[in-house]
Amino acid sequence: NAGVMQNPRHLVRRRGQEARLRCSPMKGHSHVYWYRQLPEEGLKFMVYLQKENIIDESGMPKERFSAEFPKEGPSILRIQQVVRGDSAAYFCASSLSNRGGNQPQHFGDGTRLSIL
Amino acid sequence: TQLLEQSPQFLSIQEGENLTVYCNSSSVFSSLQWYRQEPGEGPVLLVTVVTGGEVKKLKRLTFQFGDARKDSSLHITAAQPGDTGLYLCAGPPRGFGNEKLTFGTGTRLTIIP
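Those protein sequence lines, which keep their order, are chains A and B.
Note that our numbering numbers the first sequence so that position 112 is 112, with each residue one more than the last.
To get our numbering, take the position in the second sequence, counting from 1, and add 1000.
Hint data in this document are derived by calculation from the structure and do not stem from the laboratory.
Heads up, the beta-carbon is just placed ideally off N, CA and C, and yes, glycines get one too.
Any given hint might turn out to be false.
[Said to hold, decoys possible] Computed beta-carbon distance windows for the label pairs:
#1 B:G1052 / A:E40: 29 to 39 Å
#2 A:G16 / B:P1113: 17 to 27 Å
#3 B:E1015 / A:E40: 23 to 33 Å
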C-alpha cells in the first residue's frame, strides 16, 4: 500500500518562474493537506482540500499561491512568480475523512524548492 | 493563535543515556501528537494522546499528556543512535479536529554512539 507520493523531490526555479508541486494521497484517502517547513522550523499549515473543494486555506498566502485537488489526478500546489522567500520544503499529507475528527495525517517526503 | 513551544531546541547526548523533551502551550488542546522527522523525509506519527494525564509507551519511548491538556512530554530511555531526528509535537487548534494541525518548533535530537 503506497504512502503519500510527492514529486518532484527537488525543484529549482529562478525568480519570477512558476513552481508546481504534486501530491498523490494514500489509496482511499480523500483529504489532502499542504504544509511549509522552513529550515530548522516546524511545519506551518497552508491549506486543506477535499476532492474538488478547498476546505480551509487560512494558512496560504493570498497572492501567488493556489492549490487544487481535482476529481481525477494528484493535488497540485502552485506558486506563481516565485521569490527567494518561497525556498522551503513543502509537505503534503493525506487522511481519511477528517472534518472535526481525529484521523491521523500521513505525510509524504516533501518537495524541496530552491529559488535562485 | 495557539502556539506549541518545544524544549530544548537542540539536544545531544551519549548513547545509553535517558532524556526528556517537552511540548508546552498556554492553550488547551483536545489531543496532541508526536512525530519524528529524519533528514530528507516527512514526519512520521509516533503517538496520539487524548486524555489528560494519559501515558503511552512505545518501546523505550514514554509519552505523557498533562492533566490540563496544555503540555506533553516525551521520555526516551537508553537512547540509541536510531533515535536521532527532529521530534515534533502537534495538535488541532480549539474548535478543530485533526484537519488543521499546529506544529511545535521541534527538538533536534542527536544520539552520539
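These are the hints, each one checked on the structure:
Between G1052 (chain B) and E40 (chain A) the C-beta distance comes to about 31 Å, which sits within the given range of 29 to 39 Å. With their beta carbons about 46 Å apart, G16 (chain A) and P1113 (chain B) fall outside the hinted range of 17 to 27 Å. The hinted window of 23 to 33 Å between E1015 (chain B) and E40 (chain A) holds, with their beta carbons roughly 24 Å apart.
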